[in-house]
Amino acid sequence: MTQQPKSEDQRFRDEFEPLSTGSDEYAFTIPTIIEKVIKPLSHHDAYLDIGAGHGNLTRHFSKFFKHTVVVEPNAVLFNELLDWAKTNGVSMSGQIAAWTPNVKVEGTFDFGVMSHVLYYIDANERPDFVKRAFDLLKPGGRLVLVTVADRGSEIARLYQTFFTPEYYQQIPFADELYALVQKWGYKATHIPFHSDIRTTTKPEMFDVMSFLLLQRVNFTDPATAAQQDAFVDQYLTRENDFSIASPGGIVTLYKD
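Residue numbering for the sequence shown follows our numbering, beginning at 1 and increasing consecutively.
Hint data in this document are derived by calculation from the structure and do not stem from the laboratory.
Since the model is a prediction, treat every value here as computed from it, not as a measurement.
Among the hints, a few may not be true.
To be verified - Mimicking DSS-like on lysine-lysine, the simulated pairs with C-alpha atoms at most 27 Å apart in a straight line are: (1) 104 x 86; (2) 36 x 202; (3) 138 x 187; (4) 66 x 36; (5) 255 x 138; (6) 63 x 104; (7) 66 x 131; (8) 39 x 63; (9) 138 x 36; (10) 183 x 255; (11) 63 x 255; (12) 6 x 39; (13) 202 x 138; (14) 187 x 6; (15) 39 x 202; (16) 39 x 66; (17) 255 x 66; (18) 6 x 63; (19) 202 x 187; (20) 202 x 66; (21) 104 x 202; (22) 131 x 39; (23) 86 x 187; (24) 36 x 63; (25) 255 x 131; (26) 138 x 66; (27) 36 x 6; (28) 255 x 104; (29) 202 x 255; (30) 202 x 6; (31) 104 x 131; (32) 183 x 131; (33) 6 x 138; (34) 66 x 6; (35) 63 x 183; (36) 63 x 131; (37) 138 x 183.
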């Protein structure tokens, strides 16, 4: 029996898995966002998650709201998340779509999340990308943006090594994003955090690197593959495993 080739969505999901299971980011971001953003909300009716991915945040946050709406372009991840919601009695609906101006979402929301999504959006399109979600918030609502941080970090070195200088400058590092959203006119707060992504094998770290680099780098090219291997050997190899420091920040926008 001939094995069917994996879809692009499935390949994306497979590369996401080592990062999803190997990152310790969620041990900080989940309780912090719950305590500092979600619990203080005056209402907990509706939650909007844009680019929910594997649902690492969604599965925790959705339990605090009467209904959750997910907008996620990856069909495999979207269907897995809605299957989880159905199994666990969580009210959830949504669309398999990117967050474009053509996407229409009914209702308004008390809380919204864009976690590690802005990298996929051109810098000049980000103000509108954020505004379209913010405009759906009820008065008193909050929109959380999570991105990487620190241009002196290992993940920044990864970007510098494999991205063009022009594209590297577009990466929305959290402290810079915090300053930027205030220039856009938002009331905001910023909570920095440190995290590491660990894998037990080098091939898993290769998958993590490909995912962190937004699948923009062709590692099937022999020269680039050799550069990837050398990068892991020089910077990411530890005594018993592999890891990359991936600090980040939680930027929260407030709607009065």
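(request) Check each numbered hint from earlier against the structure, then list the numbers of those it violates in ascending order. (result) 2, 12, 13, 14, 15, 18, 19, 20, 21, 23, 27, 29, 33, 34, 35
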